[in-house]
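**Q** Given chain A, work out where chains B and C should sit, using these hints.
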Amino acid sequence: MSRKFDTGGAPHFPPHSTVASVMQQVLYALVPGVVAYVWFFGFGILVQILLAVAFALMFEWIMLRLRKQPVRLFLGDYSAVVTAVLFALCLPPLAPWWVAFTGMLFAIVLAKHLYGGLGHNVFNPAMVGYVVVLIGFPQVMSLWLPPASPADYTLGLGAVLHTIFLGHLPAGMTWDAISQATPLDTIRATLATGGMVSEARESPIFGDFGGLGWEWIANFYALGGLWLIWRRVISWHIPVMTIATVVALGLVVYLADPGSNPAPLQHVFSGALVLGAFFIATDPVTGCVSNRGRLIFAAGVGILTLVIRRWGGYPDGVAFAVLLMNMAAPLIDRYTRPRIFGQ
Amino acid sequence: MNPPLSHEQLERARNAGSQLHHFHGGLRLRHNKKISCELPLEATPLPPRLFVPMLQHSGLSAEPTVKPGQHVFKGDQIGYYGVKEEMAVHAPTSGTVRLLTRRPISHPSGEDGLCVVIEPDGLDQWTQLDPIETWHHADPARLRQRIREAGIVGLGGAVFPTAIKVDDAHERGIHTLILNGSECEPYISCDEMLMREQPDSIVLGARILQRAIGASRTIIAIEDQMGAVDQSLKAAVMKSGADDIDIVKVTTIYPEGGEKQLIQVLTGVEVPSGGRPADLGLLCQNVATATAVAKAVVEGKPLIERIVTVTGSGIRQPRNLVARIGTPIEILVDQCGGYTEDAARLVLGGPMMGYALSSDSNPVIKAANCILVLSELEIEPPQPEMPCIRCGECARVCPALLLPQALNWQIRSQQWDEVLEYGLKDCIECGCCDFVCHSHIQLVDWFRYGKAELRSQQAERGKAEAARARFEAREARLAREKQERRQRLEQKKQDLRDQADMKKKLAESIERVQSRKDGGK
Amino acid sequence: MLNAVIAITLLGSLFGLGLGWAARKFRVESDPVVDQIDALLPQTQCGQCNFPGCRPYAEAIARGEAEINQCPPGGEAGIKALADLLGVEAKPLNPDNGEEKGKTVAVIDEPACIGCTLCIQACPVDAIVGAAKLMHTVIESECTGCELCLPPCPVDCIDLVEPKRNLADWQWPRPVVQYSKNLSAGESP
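Protein chains in written order, with this note's numbering: chain A, 2 to 344; chain B, 45 to 565; chain C, 2 to 190.
The shape of chain A in the complex, shown without the other chains (with noise of 0.2 angstroms):
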């Protein structure tokens, strides 16, 4: 007696990975960094990614009803919350709630769903997300905390609840008594007055490197993106060459005018590019194809940064940078595709 079977296609193995097995491990990279941030400037940051993760899934609910998608599928695969999360890093930690609502409405609806959805947009989401709120709301997004221990935090977790929901600090308090510009504001706002890069490196903020308790930030980051790395979820090519790129750039720029630029490595711990080398400009949807492209686009987003920072008009260059290298991918993809076998 012949057997029936239900059959299937090429190959048949067993499913091995999937786009929310990465997606969660890029969330699991990232969880050094966000511990380390914590531990030196408050639960403001954990409140600023629980909203965005919020908002960024309410959005993609929306529009995947709208777009007559399948929505379990969608929500489920984390790119939305991969998106939330690394735009509340690049929040000041008080930032009101309204911040995280723009700028998850701009990336979700805007820079990826009304481009098609997952695998289709040009722009990486979190950063339009991010620049929109912070050409939109210049002030909000400088009001910035010092480095401090956890023993003493300015604010306690109901102030910092009190501040993000109503918008505005609790009483007795006051912006200009609290909050601190960061580093690389710092060190910006003191050459606009013609004063030299070591006059102020001697602010209390900054520590070896970069700003204190930054340059900590910074190394976990590091440390969850080479975990992803050997994990093979991303490849060596963009965080190496980014991060090599603004050093060879920084330290020609520096060598030529020792005053009015921070030492390479400076560079390297402050601001976002550690976090924008590993987990911003890796990006898969965005970025280069080839190994050689992204080669090309990890020293564009290098190239970039150095001179935003350097005499842009704004302290941190990485999310102009990567937008602005999401713009070339495709014509880099063109020029680098590689050689066919037997051609």
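Honestly, the hints are just simulated from the structure, not real lab data.
Keep in mind the model is a prediction, meaning the values are calculated, not measured.
It is possible that some hints are incorrect.
What the hints assert, rightly or not - Facing chain B, according to a computed beta carbon distance under 10 angstroms, are these residues of chain C, among others:
#  : residue
1  : Trp22
2  : Ala40
3  : Phe52
4  : Gly54
5  : Arg56
6  : Ala78
7  : Pro125
8  : Val126
9  : Glu143
10 : Asn167
11 : Trp171
12 : Gln172
13 : Trp173
14 : Arg175
We put the CB at the ideal spot given by N, CA and C, even for glycine.
**A** Coordinates of chains B and C only, in the frame set by chain A:
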């Protein structure tokens, strides 16, 4: 057009096997071969009916040459196709042709095809055989003719008619014959068992093929984890006294058994895109094909059976069997102890490139190197396909150095010019890209569809060109006929005018004569 | 202010001259557009487009006297290809010209044929073989399915059938992307 091969490349091809190289990409897969190698080879019993399909070869379907009720001997030709009968099919046993019917024929489409149904008479009598015992001195053309008559095809899975390949090779001049024993797909072990148990016939086949194509040496390529095979082959080579056969071990990375990849590993040269190994002076044949050649020449027996690996967690006692073409798969499964509890999918071929069959009444065909029965846990449930996230893993593993994700986008959006430019024709359908894709995109299926579309577009363009040519020829013919008609009419009118002229002239001269006559009176 | 005007004017002229030079230096020779259009048409020569053949239709399109959506044998794919070539928008097939049908070939019912040669004269690609008072037959491989032979036949003995499928010609079909009831089969996510 590719640039012509450089002198250096041709030199490297001549030194095939002296040094091992790498090919790009590939995957390290779990072998799962040992389970089917524990028991020795055994022949399958004759089933009550044999269903021999006419469509077994890549290309065209054979036409049956027998009628229902006809008695056939084992080895009689029962069908053929081809100008020179390259695709011949033979009766696997003696018996009566019961009918010619359409039924499942283990075709990837799952559709029915024409079959010759033979009822064995139990005597298993060979037809009149014509062994070429003195093959050492035989004319190579005669050897090639025998390969053609015996219906031998590439038994590694591609089932390309060997006669065509060998004829082409002879014309172009081959210096090295490569016997491919590096079976790279997991689970499949039929070649390994063949090399362990019948190494002499492989070596014999190698020497015959060498003579048939005029090659000066042979390389037998095996995987580096086939320890016992190496020894048995070396012993067989020594016994045969041949001094121009080398055994080379290649690293086991899927798909190193692919022809182009194997050549790259042995020589370091890539077969030009659109070209063939013969361009480098090389000819690749599977070891089982070599054995079939040996049988056909030395014993005069055509291809009527092959070694099939029956394995997978859905089979109780996995092993390798020698099965006649046309045997229903259920007979083989019964011989292996039957199915286990959780048998869920029946695959013809390996897990990477094989295709699923809907029933085990499908027959063993020349391409059936493995019957793989997998359990529920081992197969991917119908997964939702996510959009491509452009991670680039597929390009990292592609042995043909293609960009599968770019090809995927292009095929979906029907950009056929770009598809050609990005090299879809060079895809070997190994399935590496499909295996690593996080989004579970059915890349191999898309590429097969893309290739089919390209072929049908080309065919349609050809047809349109032919139709235009015929139309223009017709217009020309009609115009010509019109012209001829006009000319004829003109000619007639001219003739009439001439006649009228003549009449007039005649009348005038008669009048003149008449008037002279009258005047003379 | 004046400096800005002069600077922009100079730059503009410079770039304009540069572009003009580049346009001439890097010009790509291509076939006249009529040939390109004709290459995209299916060469059925059926006349459903209201022109006596594919070439006249191509010429009419090139002259701007005909729309690109008048060819049923070319179908949607053909219209899209023409739209891509000419840089215009693809329109749906004009129903006045006919419907897009599958490939068919003509078959003559041989016992009924009276040998009048009217169909032979009608066939634009000479795919019918025969002579006066002798039987006619259609060469299946050359028939384009244009249907011009059907009206002239006085005994109505020509049928249109689907060409026989050969399993040896089987090709892998387009994969079906199916992950929910919301998306129809084959739709790209």
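**Q** So, for every hint listed, does it hold in this structure?
**A** Results for each hint:
For tryptophan 22(C), the interface hint is violated, since its Cβ never comes within 10 angstroms of a Cβ in chain B; the closest pair sits about 29 angstroms apart. For the restraint placing alanine 40(C) at the interface with chain B, the shortest Cβ-Cβ distance is roughly 8 angstroms, inside the 10 angstroms limit, so the hint holds. For phenylalanine 52(C), the suggested interface contact is broken, since its CB lies about 13 angstroms from the closest CB of chain B, more than 10 angstroms. Taking 10 angstroms as the C-beta cut-off, the interface hint given for glycine 54(C) holds, the closest approach to chain B being about 7 angstroms.
A cut of 10 angstroms between beta carbons decides the hint on arginine 56(C): the least distance to chain B is about 8 angstroms, and the hint holds. The interface hint given for alanine 78(C) is met, as the beta carbon of that residue sits about 8 angstroms from the closest beta carbon of chain B, less than 10 angstroms. For proline 125(C), the interface hint holds, the least distance from its beta-carbon to any beta-carbon of chain B being 5 angstroms, beneath 10 angstroms. The beta carbon of valine 126(C) is positioned within 10 angstroms of a beta carbon in chain B (closest approach about 4 angstroms), and the interface hint is therefore held.
At its closest, the beta carbon of glutamate 143(C) sits 6 angstroms from a beta carbon of chain B; the interface hint therefore holds under the 10 angstroms criterion. Among the interface hints, the one on asparagine 167(C) holds; its C-beta lies about 7 angstroms from the nearest C-beta in chain B, closer than the 10 angstroms criterion. Annotation: tryptophan 171(C) was flagged as interfacial toward chain B, and the flag holds, the nearest CB pair being 5 angstroms apart, inside 10 angstroms. With its C-beta approaching chain B no nearer than about 3 angstroms, glutamine 172(C) sits inside the 10 angstroms limit, and its interface hint holds.
Interface restraint check: tryptophan 173(C) against chain B, minimum CB-CB distance 4 angstroms, threshold 10 angstroms, status holds. Annotation: arginine 175(C) was flagged as interfacial toward chain B, and the flag holds, the nearest CB pair being 5 angstroms apart, inside 10 angstroms.
The structure fails hints 1, 3 (numbered hints given earlier, in ascending order).
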